[in-house]
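Asker: Sequence:
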Amino acid sequence: MRLIAIEPSPDEFSAWQTYQAREYSREKVASGAWSEASALARAEAENTTLLPNGFTTTGHHIRRIENKDTQELIGWIWVSLATDGPPGLAWLYDIEIVPEHRGQGHGREFMRLAEIEAKRLGCTRLGLHVFATNKVAHHLYQSCGYEVTDISMVKDLS
0 MRLIAIEPSP
10 DEFSAWQTYQ
20 AREYSREKVA
30 SGAWSEASAL
40 ARAEAENTTL
50 LPNGFTTTGH
60 HIRRIENKDT
70 QELIGWIWVS
80 LATDGPPGLA
90 WLYDIEIVPE
100 HRGQGHGREF
110 MRLAEIEAKR
120 LGCTRLGLHV
130 FATNKVAHHL
140 YQSCGYEVTD
150 ISMVKDLS
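Counting in numbering that gives the first Met the number 0, the sequence shown runs from 0 upward without gaps.
Keep in mind the hints are simulated off the structure, nothing from the lab.
Misleading hints may appear alongside valid ones.
Said to hold, decoys possible - Below, simulated BS3-like cross-link-like pairs (lysine-lysine); rule was C-alpha separation at most 30 Å, straight line: (1) Lys-134 <-> Lys-27; (2) Lys-118 <-> Lys-154; (3) Lys-154 <-> Lys-67; (4) Lys-154 <-> Lys-134; (5) Lys-118 <-> Lys-134.
Stated by the list, open to error - DEER-style ranges, computed between Cβ atoms: (6) Ser-157 <-> Ile-115: 30 to 38 Å; (7) Phe-130 <-> Leu-156: 20 to 28 Å; (8) Glu-11 <-> Ser-157: 42 to 50 Å; (9) Ala-36 <-> Glu-6: 32 to 40 Å; (10) Ser-8 <-> Ser-157: 44 to 52 Å; (11) Leu-156 <-> Tyr-18: 17 to 25 Å; (12) Ala-40 <-> Thr-123: 30 to 38 Å; (13) Pro-86 <-> Ser-8: 26 to 34 Å; (14) Glu-35 <-> Ile-5: 32 to 40 Å.
Glycine residues also receive a C-beta, built at the ideal position from the N, C-alpha and C atoms.
Sequences are here, hints too, so could you generate the full structure?
Answerer: Structure, rendered in structure tokens:
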């Protein structure tokens, strides 16, 4: 299957943003960072802050990843020019393979497409965050050559 990255339509972006906020809030709750009661509202607020002009927000590049032959949605990537950090750094805010296409080996191709997008922006490095609970993503990123640069830890004292 050949995958391509394309700019979404306004309706596709809206559907992705709803899905992305829900998934992000779920990960934040699972990590213990946010309470379930406020998680979705917080995720939506973060998206609004990061993307005040939707998918036309300067410096942010949301791409729909689809099967080149059938135009079937396979997932999404969100790459941005880093607002802090060293020059030449892009940030992978989100990589999302839709559930029915997970476990089929698309992760590496998604990472390749994200790296192409970062290079297209003139960047020489691509950073990302991964939740500690997401072991599949940890393995993918390490197998693609990504290195750990920072670790946050917490201990339950109850």
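Asker: Does each hint hold? Answer for all of them.
Answerer: Comparing the hints with the structure gives:
1. Lys-134 <-> Lys-27: With a Cα-Cα distance of about 15 Å, the restraint between Lys-134 and Lys-27 holds, given a limit of 30 Å.
2. Lys-118 <-> Lys-154: Violated: Lys-118 and Lys-154 sit about 38 Å apart, past 30 Å.
3. Lys-154 <-> Lys-67: Not OK: Lys-154 and Lys-67 at ~46 Å, beyond 30 Å, violated.
4. Lys-154 <-> Lys-134: At roughly 19 Å apart (the allowed maximum being 30 Å), Lys-134 and Lys-154 satisfy the hint.
5. Lys-118 <-> Lys-134: Holds, at roughly 27 Å.
6. Ser-157 <-> Ile-115: 30 to 38 Å: Once the Cβ atoms are compared, 46 Å apart, the range 30 to 38 Å for Ile-115 and Ser-157 is violated.
7. Phe-130 <-> Leu-156: 20 to 28 Å: Given range 20 to 28 Å: holds, Cβ gap about 21 Å.
8. Glu-11 <-> Ser-157: 42 to 50 Å: holds (43 Å)
9. Ala-36 <-> Glu-6: 32 to 40 Å: holds (35 Å)
10. Ser-8 <-> Ser-157: 44 to 52 Å: Distance hint for Ser-8, Ser-157 holds at roughly 47 Å.
11. Leu-156 <-> Tyr-18: 17 to 25 Å: violated (35 Å)
12. Ala-40 <-> Thr-123: 30 to 38 Å: holds (37 Å)
13. Pro-86 <-> Ser-8: 26 to 34 Å: holds (33 Å)
14. Glu-35 <-> Ile-5: 32 to 40 Å: holds (34 Å)
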